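Trainee: One-letter residues, chain by chain:
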Amino acid sequence: MTLFRTRPLLKLVSQYQSAVVLPAATKIHTSAFLQAWKPEDHEPQKFLEYNKKIYPPQSPDEAPRPAFVCHQRSNIKYSPWKMWYIACLVRGMTVDEAIKQLKFVLMKGAKDVRETIEEARDLAVKEHNVEFASNLWVAESFVGKGHVVKGIRRHGRARFGRVEYFHCHYFVRLEEGKPPKHYYQHHPKEPHQQLEDWLQQMRKRKITNSI
Amino acid sequence: MAGSLLIRINVAIQRLELAIASVFTRRFPPDGFCLAGVDVQERLHQKPAFSLKDIVGDGFVWAVPTARRTIERRMKRRFGHPDYIWKMLKPKTNLRTCNVCGDDHLPGVLCPTCYKKVIEETKVMQDAIQQELQLSPVEKEVVVLYEGEKDGKPEEFFEGKRIVEIPKPRPAWFSKNLLQQTTQQPATTSDVKPSDLG
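Heads up: the protein sequence lines correspond to chains X and F, in order.
To get the working numbering, take the position in the first sequence, counting from 1, and add 104.
To get the working numbering, take the position in the second sequence, counting from 1, and add 1.
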């Protein structure tokens with residue numbers, strides 16, 4: 105025997121549901137649940153957090169911090185190891201040059217990379233306080249592995265093989281200003297720099313146990 | 002009585018022999034009976050336990066790498082070699098820019114964006130001609146005119162020709178001079194008429 109009647113109680117709850125339950129529900133962080141139920145729709149979040157960071161104001165004698173925009177495209181149906189070649193091509197180029205070169209790359213992933221860079225350029229002008237769209241260069245360009253769908257295929261003589269359908273994420277960071285002359289640290293040195301280094305090495309020599 | 006005693010003695014001797022034999026086959030004789038200077042291996046441990054590996058061998062570890070891939074092999078696979086096949090993408094330095102529309106294209110090719118416009122316009126002209134002529138045989142010359150071009154010309158101009166009209170203005174890039182015939186009558190005068198240069 106219940107102390108309370110359940111039906112009127114439920115009616116009461118349903119009346120106040122819209123007022124009480126929903127505001128509380130919206131405060132619950134649901135992304136963890138979504139990730140658990142549908143991991144293939146999960147998109148990487150950490151790279152875009154860089155966009156939200158607010159830097160403190162700079163002092164006048166400090167070198168001006170160039171504006172940048174981080175953008176990504178998730179779960180592109182392409183192999184991450186093949187996409188890596190396209191990402192490497194674009195590193196250190198101006199956005200105009202990057203888009204122009206990507207038009208002539210005969211690979212499936214080049215289309216997605218070009219669209220991502222174009223979107224990033226538009227975002228930079230709209231939201232990230234970049235004055236000229238052409239004054240941007242590709243500071244970072246890299247690939248991550250996305251959702252993998254696994255399947256089986258049959259070979260001859262009743263042998264079975266595993267088939268994996270890869271997706272990839274493409275990340276790009278555009279920075280304002282002119283690109284550096286050499287993107288990587290290990291670049292061939294200028295002749296005058298080589299000469300200076302050689303002279304330094306020659307002068308560093310010492311006869312052991314001498315003054 | 003003597004017979005059974007003999008039998009009993011025989012049996013006893015046989016048992017003794019078996020006992021002695023078992024001492025020597027299964028295990029070494031006790032310390033007192035062993036020869037000095039000879040290693041005695043006490044086979045106290047049992048035979049190694051039976052495992053599937055004896056039958057299958059290393060079958061369950063097939064198709065698995067046995068050694069770490071060196072950095073040289075990894076780099077050769079990813080980058081290739083500059084003298085043989087360089088796997089990294091190289092930016093193209095031979096791209097040309099179209100003077101008309103500003104888009105880039107490979108050398109030896111008409112600007113694709115401009116050419117696409119030409120293809121579309123050609124299709125419009127062809128559709129208009131097909132609609133006009135349908136299946137009748139082409140005996141006379143066919144002239145395609147855009148909006149406002151028929152009124153400017155006199156009636157005799159189109160005497161031996163079939164007219165196809167397209168109800169839209171002439172595209173800016175489509176010069177009227179392009180419609181000059183390749184086979185022309187020899188010139189009567191040496192004056193050059195600067196007409197229809199559009």
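Rather than coming from a laboratory, the hints here were simulated on the basis of the structure.
Given the structure is predicted, the values throughout are model-derived calculations rather than measurements.
A portion of the hints provided could be inaccurate.
Claimed, not checked - Cut-off 25 Å, straight-line C-alpha distance, at most; resulting in silico cross-link-like pairs (BS3-like, lysine-lysine):
#1 Lys230(X) with Lys212(X)
#2 Lys124(F) with Lys91(F)
#3 Lys93(F) with Lys285(X)
#4 Lys177(F) with Lys212(X)
#5 Lys91(F) with Lys282(X)
#6 Lys293(X) with Lys93(F)
#7 Lys118(F) with Lys249(X)
#8 Lys212(X) with Lys151(F)
#9 Lys285(X) with Lys91(F)
#10 Lys118(F) with Lys215(X)
#11 Lys124(F) with Lys93(F)
#12 Lys186(X) with Lys157(X)
#13 Lys54(F) with Lys77(F)
#14 Lys91(F) with Lys293(X)
#15 Lys230(X) with Lys181(X)
#16 Lys88(F) with Lys181(X)
#17 Lys142(X) with Lys157(X)
#18 Lys186(X) with Lys169(F)
#19 Lys169(F) with Lys181(X)
#20 Lys150(X) with Lys207(X)
#21 Lys212(X) with Lys88(F)
Stated by the list, open to error - Examples of chain X residues toward chain F, derived with CB under 8 Å:
#22 Tyr189
#23 Cys192
#24 Phe208
#25 Leu210
#26 His251
#27 Val253
#28 Lys254
#29 Ile256
#30 Arg258
Ideal placement from N, C-alpha and C gives every residue a C-beta, glycine not left out.
Trainee: Hints broken by the structure, by number, lowest first?
Mentor: 1, 2, 4, 7, 8, 11, 12, 13, 15, 17, 18, 19, 20, 25, 26, 27, 28, 29 and 30
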